[in-house]
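With chain S held as given, fit chain B onto it using these hints.
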Amino acid sequence: MKSNVARFWREIPQRYNLIGNKCDSCERIFFPPRESCPYCRRKSIGKMKDLKLNGKGEVISYTIIHVAPEDFEKQVPYPVAVIKLDEGPKVTAQIVDCDISNVKIGMKVESTFRRIQEDGYIGAIYYGYKFKPLEEVK
Amino acid sequence: MRDVAVIGIGLTKFGELWDKSFRQLISEAGSKAILDSGISGADIDAMYIGSMSSGRFVGQEHVGALVADASGFSHMHIPATRVEGACASGALAVREGYLSIASGINDVVVIGGIEKMNDVAGTTATETLQTAADQEWEAFFGQTFPGIYATIATRHMHEYGTTKEDLAKVAVKNHANGALNPTAQYQREITLEKALNATMVAYPLGLFDCSPVTDGAASVVLCAAEKAKQFSDKPVKIIGSGQASDTLALHARRDICTLDATVYAGKMAYNQAKIQPNDIDFAEVHDCFTIAEILAIEDLGFVKKGEGGKAIDNKISTLDGSKPINTSGGLKSKGHPVGATGVAQIVEVALQLRGEADKRQVKDVKIGLAHNIGGSGATCVVHIMERM
Numbered sequence: 000m001k002s003n004v005a006r007f008w009r010e011i012p013q014r015y016n017l018i019g020n021k022c023d024s025c026e027r028i029f030f031p032p033r034e035s036c037p038y039c040r041r042k043s044i045g046k047m048k049d050l051k052l053n054g055k056g057e058v059i060s061y062t063i064i065h066v067a068p069e070d071f072e073k074q075v076p077y078p079v080a081v082i083k084l085d086e087g088p089k090v091t092a093q094i095v096d097c098d099i100s101n102v103k104i105g106m107k108v109e110s111t112f113r114r115i116q117e118d119g120y121i122g123a124i125y126y127g128y129k130f131k132p133l134e135e136v137k
Numbered sequence: 000m001r002d003v004a005v006i007g008i009g010l011t012k013f014g015e016l017w018d019k020s021f022r023q024l025i026s027e028a029g030s031k032a033i034l035d036s037g038i039s040g041a042d043i044d045a046m047y048i049g050s051m052s053s054g055r056f057v058g059q060e061h062v063g064a065l066v067a068d069a070s071g072f073s074h075m076h077i078p079a080t081r082v083e084g085a086c087a088s089g090a091l092a093v094r095e096g097y098l099s100i101a102s103g104i105n106d107v108v109v110i111g112g113i114e115k116m117n118d119v120a121g122t123t124a125t126e127t128l129q130t131a132a133d134q135e136w137e138a139f140f141g142q143t144f145p146g147i148y149a150t151i152a153t154r155h156m157h158e159y160g161t162t163k164e165d166l167a168k169v170a171v172k173n174h175a176n177g178a179l180n181p182t183a184q185y186q187r188e189i190t191l192e193k194a195l196n197a198t199m200v201a202y203p204l205g206l207f208d209c210s211p212v213t214d215g216a217a218s219v220v221l222c223a224a225e226k227a228k229q230f231s232d233k234p235v236k237i238i239g240s241g242q243a244s245d246t247l248a249l250h251a252r253r254d255i256c257t258l259d260a261t262v263y264a265g266k267m268a269y270n271q272a273k274i275q276p277n278d279i280d281f282a283e284v285h286d287c288f289t290i291a292e293i294l295a296i297e298d299l300g301f302v303k304k305g306e307g308g309k310a311i312d313n314k315i316s317t318l319d320g321s322k323p324i325n326t327s328g329g330l331k332s333k334g335h336p337v338g339a340t341g342v343a344q345i346v347e348v349a350l351q352l353r354g355e356a357d358k359r360q361v362k363d364v365k366i367g368l369a370h371n372i373g374g375s376g377a378t379c380v381v382h383i384m385e386r387m
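The listed protein sequences derive, respectively, from chains S and B. Okay, so the first sequence: first residue is 0 according to numbering that gives the first Met the number 0, each after it adds one. Okay, so the second sequence: first residue is 0 according to numbering that gives the first Met the number 0, each after it adds one.
It is worth saying that the hints were derived from the structure and are not from the lab. One or more of the hints may lead you astray.
Computed footprint of chain S on chain B; a stretch qualifies when at least three of its residues, placed anywhere within it, have a C-beta under 8 angstroms from a C-beta of chain S [stated by the list, open to error]:
#1 134-145
#2 153-160
#3 195-204
#4 248-260
#5 344-358
If you anchor each label on the Cβ, the simulated ranges turn out as follows [stated by the list, open to error]:
#6 T111(S) with S30(B): 54 to 60 angstroms
#7 D49(S) with T190(B): 53 to 59 angstroms
#8 P276(B) with I121(S): 36 to 42 angstroms
#9 T80(B) with T111(S): 46 to 52 angstroms
No residue lacks a Cβ here, since even glycine has one placed at the ideal position from N, Cα and C.
This is chain S alone, in the form it adopts within the complex:
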């Protein structure tokens, strides 16, 4: 689905730097950042503080994509995982820099800044996070 570039531009802080936020009332941490805390609701309004996440986490589950949308066709087969970050929030992202057969539930990973997709030959290139095996256990 092709969209205006602004849509992707406004998400740069989160996608480039993994910036989430924290509820000052209950200290829960969210990614992507939320306007208010679902648990504290009105108490949290105006009390959500930006928080940079350390980018490290663990694979909770994964799949290997064999049939992909047009923008990702060149990359198949590629692994996509749900990763639980050290600070608590979970994200969906590709796993890179390792053999597909080595992707496992429980593997420790860290985020890395990569090209995600592009709008054809002259279109915009979108960047964001992927995850790779944590260095020391590689």
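Frame of chain S, contents of chain B only:
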């Protein structure tokens, strides 16, 4: 609050219907339901239409009014509303109609559900279905809709020992049921080997773990139960209606292996009907992927969490089992025209309760359940129905 009954049902054939248009399909299903119900056009107070993405599939929005027009009711100016909740659009339309009658506003309501998915290329159909997922935080990173359910399956296998064979057996069972259903898209049985050796779509899900792209429409006529016998001699009462929401993205959920929306919608429907999961004789559940049927029977309380994969071996979910699941063939074999699915499930439950399910009729059934999911579980609608 008033009781509500289903007094008419209608279905088109499900499949690749190249020779039929969007309006032909919905008019055909609607006419069948209206003729079956015994009502006339003048009795209809309102129409609710479930369609997930007519705008992307056939380039047409504003399909509430279009359906009223195509059905011949434009000059009567019957209010017609389109309802959307991804793949749960159909059951949401049923529930909106149900609520409007239960509240006392309407007496007779016609529900339609439709999707015409084969007018676009396969890749466009897949991308359109994917809009049910979180576009910004799942799809952007290369996750696909089958990929999301595959991620659930990998975790279910890890946590509960569910196997690829357990998944494949769901497809084999539902194809066997679909072979007995004259409106099903695939009226043929498949072997376990064929299912297991199919092309990989998103590990661990192969082609036969996925429901197909389908054209089709379904319709039901709902009526205040107190007036149902004026029109029909075989009404079926809706004794419970539940609906729940959850996060759009799978990763944000409490547990990857539980669809909490199913748990909550189920509880709401069970409480209203004053029954327990054990009281359900049979059910149509949302098997958009084989793992989804396993989750549904767990989250609806038919089996314990983690034991859904063994329901076929244990003779629970088979047609001759203790609680037959997806007697119609389910989404897998009957087909999954997304907006029509939730309405078609109500049609199957009514057929079984009326004793009109022919070769796939389950004996002595009194209470049936229909379970419709939107996306990967961000919307769930459950209806429980009983013979009157």
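(message) The hint says 53 to 59 angstroms between D49(S) and T190(B); measuring C-beta to C-beta, is that right?
(response) holds, 56 angstroms
(message) Is the coverage entry for the region 195-204 of chain B by chain S consistent with the three-residue Cβ rule at 8 angstroms?
(response) Contact hint for the region 195-204 of chain B vs chain S: holds, 7 residues under 8 angstroms.
(request) With 54 to 60 angstroms as the target window, see if T111(S) and S30(B) comply at their CB atoms. (result) Since T111(S) and S30(B) have Cβ atoms about 58 angstroms apart, the given range 54 to 60 angstroms holds.
(request) Given the range 36 to 42 angstroms, decide if the beta-carbon distance of P276(B) to I121(S) lies inside it. (result) Since the Cβ atoms of P276(B) and I121(S) sit about 56 angstroms apart, the hinted range of 36 to 42 angstroms is violated.
(request) Check, residue by residue, whether the region 134-145 of chain B contains three or more positions whose beta-carbon lies closer than 8 angstroms to a beta-carbon of chain S, and give the verdict. (result) Answer holds; 11 residues pass the 8 angstroms Cβ test.
(request) Given that the region 344-358 of chain B was listed as covered by chain S, double-check it with a C-beta distance under 8 angstroms for 3 or more residues. (result) Our answer is that it is violated, as 0 residues pass the Cβ test (under 8 angstroms) against chain S, missing three.
(request) Take a look at whether the Cβ-Cβ distance between T80(B) and T111(S) falls inside 46 to 52 angstroms. (result) holds, 48 angstroms
(message) Verify this for me: three or more residues of the region 248-260 of chain B with a beta carbon less than 8 angstroms from a beta carbon of chain S.
(response) Coverage by chain S holds for the region 248-260 of chain B (5 residues, Cβ < 8 angstroms).
(message) Under 8 angstroms between beta-carbons, do enough residues of the region 153-160 of chain B, three at least, approach chain S for the coverage claim to hold?
(response) holds (count 3)
Of the numbered hints stated above, those contradicted by the structure are hints 5, 8, listed in ascending order.
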